[in-house]
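For the record, the sequence lines run as chains A and B.
Numbering of the first sequence is given in the working numbering, commencing with residue 2 and proceeding in unit increments.
Numbering of the second sequence is given in the working numbering, commencing with residue 2 and proceeding in unit increments.
None of these hints come from the bench; they were simulated from the model.
Misleading hints may appear alongside valid ones.
Since the list gives no way to pick out one identical chain from another, each pair is judged satisfied if it fits inside one copy or across any two copies.
For lysine-lysine, the following DSSO-like pairs were computed, each having C-alpha atoms within a straight-line distance of at most 27 Å [unchecked claim]:
1. LYS92 x LYS79
2. LYS72 x LYS62
3. LYS37 x LYS72
4. LYS72 x LYS14
5. LYS62 x LYS14
Values in this document were obtained by computation on a predicted structure and should not be read as measured data.
Listed here are the chains, written in short residue letters.
There are 2 protein chains.
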Amino acid sequence: MATEDNRVYIGKKPMMEYVLAVVTHFESGLDEVVVKARGKNISRAVDVAEVVRNRFVPDAKVRSVQIGTEKLTGDDGKTANVSSIEIFLTKG
Amino acid sequence: MATEDNRVYIGKKPMMEYVLAVVTHFESGLDEVVVKARGKNISRAVDVAEVVRNRFVPDAKVRSVQIGTEKLTGDDGKTANVSSIEIFLTKG
Numbered sequence: 002m003a004t005e006d007n008r009v010y011i012g013k014k015p016m017m018e019y020v021l022a023v024v025t026h027f028e029s030g031l032d033e034v035v036v037k038a039r040g041k042n043i044s045r046a047v048d049v050a051e052v053v054r055n056r057f058v059p060d061a062k063v064r065s066v067q068i069g070t071e072k073l074t075g076d077d078g079k080t081a082n083v084s085s086i087e088i089f090l091t092k093g
Numbered sequence: 002m003a004t005e006d007n008r009v010y011i012g013k014k015p016m017m018e019y020v021l022a023v024v025t026h027f028e029s030g031l032d033e034v035v036v037k038a039r040g041k042n043i044s045r046a047v048d049v050a051e052v053v054r055n056r057f058v059p060d061a062k063v064r065s066v067q068i069g070t071e072k073l074t075g076d077d078g079k080t081a082n083v084s085s086i087e088i089f090l091t092k093g
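Start from the sequences, fold in the hints, and give me the full structure.
In structure tokens:
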């Protein structure tokens, strides 16, 4: 199951930084890493998972993909719905 | 299982057009609709699935989400890898 330590949150940095973070988690001995993103970063989360699997950790598999909706509150106090994704990658 | 008739491909049109397409498929009697997208449209595909579930077809569930990589060949003959998603929505 996901603990804070095995989650990688996808933001606006270059994709390879997140790929490296996932690979480092696996190399540290974790057998599951969760790639998480919201909104427009969701596409990048899928890219990260696919690059990890296809190029760096060939024995990693997609155990599950969960999608959902989160409520975000802006600085003006208004709430907005934003889509989210969690990609569970397992190894070994 | 997916047939051509129950697939909705997400492109650059306004999101609600795709939401309407999915809703129309369900209303025509289909019990499964597959929302598909590639590249940057993946985020929009998740939005479409979430809006359908949360606002229009409350008994629709996400049966499965598949991610993958497809090879695209450009006009110049070069190939590029692009991530893809398939979201299987079922009802009833």
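Now the hints, each set against the structure:
1. LYS92 x LYS79: Answer is neither; intra-copy 41 Å and inter-copy 32 Å both fail.
2. LYS72 x LYS62: Between copies only: 20 Å across, 30 Å inside.
3. LYS37 x LYS72: Cα proximity of LYS37 and LYS72: in one copy and across copies (16 Å, 24 Å).
4. LYS72 x LYS14: Intra 23 Å, inter 24 Å, cutoff 27 Å: intra and inter.
5. LYS62 x LYS14: Intra 24 Å, inter 33 Å, cutoff 27 Å: intra-copy only.
The structure is inconsistent with hint 1 alone, although it conforms to all the rest.
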